[in-house]
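Make a model of the complete structure from these sequences and hints.
As you go down the protein sequences, you meet chains A and B in turn. Take 11 as the starting number for the first sequence in the numbering used here and just add one per residue. Take 11 as the starting number for the second sequence in the numbering used here and just add one per residue.
These are computed hints drawn from the structure, not numbers from a lab. Keep in mind that the hints are not guaranteed to be accurate.
No copy is singled out in the list; a pair is fine if it fits within one copy or between any two copies.
[Unchecked claim] Cross-link-like lysine to aspartate or glutamate pairs, in silico, DMTMM-like; alpha carbons within 25 Å at most: (1) K144 with E188; (2) K140 with E188; (3) K144 with E197; (4) K43 with D21; (5) K140 with E34; (6) K140 with E195; (7) K59 with D17; (8) K59 with D21; (9) K140 with E197; (10) K58 with D21; (11) K58 with E34; (12) K59 with E34; (13) K155 with E197; (14) K144 with E195; (15) K43 with E188.
Note that the coordinates shown come from a computational prediction; the quantities given were computed from them, not determined experimentally.
There are 2 protein chains.
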Amino acid sequence: MTSSTIDRILDAAEVEFAAHGFVETSLRTITSKAKVNLAAVNYHFGSKKGLIQAVTDRFLGPLTKNLQTQLSAYEMALTETQGDEQELQVLLGILARSCQQVAQQNHHSLAVFARLINTAYSQSQGHLRKHLTKQYGASFMYFMKLLRRHMPPMTHEQFFWRFHYLLGILVFSISSSEALLAICEREYASSRSLDQIMADIVPVMASAAQASIIGDS
Amino acid sequence: MTSSTIDRILDAAEVEFAAHGFVETSLRTITSKAKVNLAAVNYHFGSKKGLIQAVTDRFLGPLTKNLQTQLSAYEMALTETQGDEQELQVLLGILARSCQQVAQQNHHSLAVFARLINTAYSQSQGHLRKHLTKQYGASFMYFMKLLRRHMPPMTHEQFFWRFHYLLGILVFSISSSEALLAICEREYASSRSLDQIMADIVPVMASAAQASIIGDS
DNA sequence: TATTGTTTAAAACGAACGTTTAAAACTACC
DNA sequence: GGTAGTTTTAAACGTTCGTTTTAAACAATA
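The following block contains the structure:
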């Protein structure tokens, strides 16, 4: 209760970052929406960069934890070995649902998270990407290892790229979801939800993961 | 020759936009790299927004033209009807090669183009996306129509989303290519090129396009 | 050559940004 | 109740940005 200031800043920052990006969102609009003094951001987070990192950590921390437990449960449960297609869908479904669960439990915006990953990777010089890989890279290695079991044989390098192709489906769609959902509603009079999108994406990712390698590297 | 100023600005802007994004790139660095006076941007392009639009039009104009001719040739050549998988690869290969050709012929950066599309869609309120769809949307409808012929039966809405899933593979990978290529070189001592990435992506996109619909909308 | 229209040049403007500062307000503990 | 530590407040700082302005340089025409 003492420092609801911090939470209010994080909540407002998340919303604004999701709507307008990191650079185009000023600390003044964040602190204004949070009903908090401007200096509070620098006092509690050190800098704007620190705030951005805090917003990401507030999502990625629970996400990696959630993902880890669900993947452990997946490995424990010795199910009948199905086809690779099904296994891939199960694994990617775990990832998708993990994102959704963490987002819902902590009242986070999935879009801002996707946007964050997107901008983190787009900036070749981005310090954020390095922070993310340093901090959470290991946690995702486990997932990637499980995933690779059911994918066509390929080199580490090829898998690296393939994984990012799959990531692109997720990240681009979710980070563009606001615009796409609006278009969809106007064009097709549809009221589709992000949850449906997440469910739709899983088999598409699984299919993309299974595409066989052509030529050699 | 009289206005090489315009071209020098466009060239420099493209490079800087690709490297640091649109918001983080100042007109001062652009005009400095272009060896042009600061005021030249506002004189020739009206505003920074006008410059961004000019950079995109310089790519999308030739691209749509190139794509149109190649697709017409594709439709004219009455080849033996192959499987959907092959046809999809042909069509998506045309798109990929069209992007590469236009980029190479006009000395454009594929990365900045992908980044542009990425940010255009990420900003739900973005005027750039509306400009792009208004200006070039019709040209891409034709491509989408051809593509859909060889995809599983689905509603217009489902196809809309599926198409953007495929787009995500392309856009995310290319706009992150700078960072990913650097990681790849450091981690796997590989000197992969963007051209190879583009070729790799095609069958993955084709596979994603073919994933069958589950459940109903 | 004089004139007109176009392009470049240098300088400044006003606004918005992240950050810092210094005092005030608040909290908790002795 | 006074005191030490923490948080909040209001104001200002210095920078950088996109844009504008005014004049100079240039180009083309008659």
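Do the hints match the structure? See the list:
no.	hint	result
1	K144 with E188	between (30 Å within a copy, 19 Å between copies)
2	K140 with E188	between (27 Å within a copy, 14 Å between copies)
3	K144 with E197	between (42 Å within a copy, 14 Å between copies)
4	K43 with D21	within (9 Å within a copy, 40 Å between copies)
5	K140 with E34	both (22 Å within a copy, 19 Å between copies)
6	K140 with E195	between (37 Å within a copy, 16 Å between copies)
7	K59 with D17	within (17 Å within a copy, 35 Å between copies)
8	K59 with D21	within (16 Å within a copy, 30 Å between copies)
9	K140 with E197	between (40 Å within a copy, 14 Å between copies)
10	K58 with D21	within (14 Å within a copy, 32 Å between copies)
11	K58 with E34	both (12 Å within a copy, 15 Å between copies)
12	K59 with E34	both (13 Å within a copy, 14 Å between copies)
13	K155 with E197	between (40 Å within a copy, 17 Å between copies)
14	K144 with E195	between (40 Å within a copy, 18 Å between copies)
15	K43 with E188	within (21 Å within a copy, 36 Å between copies)
The structure shown violates none of the earlier numbered hints.
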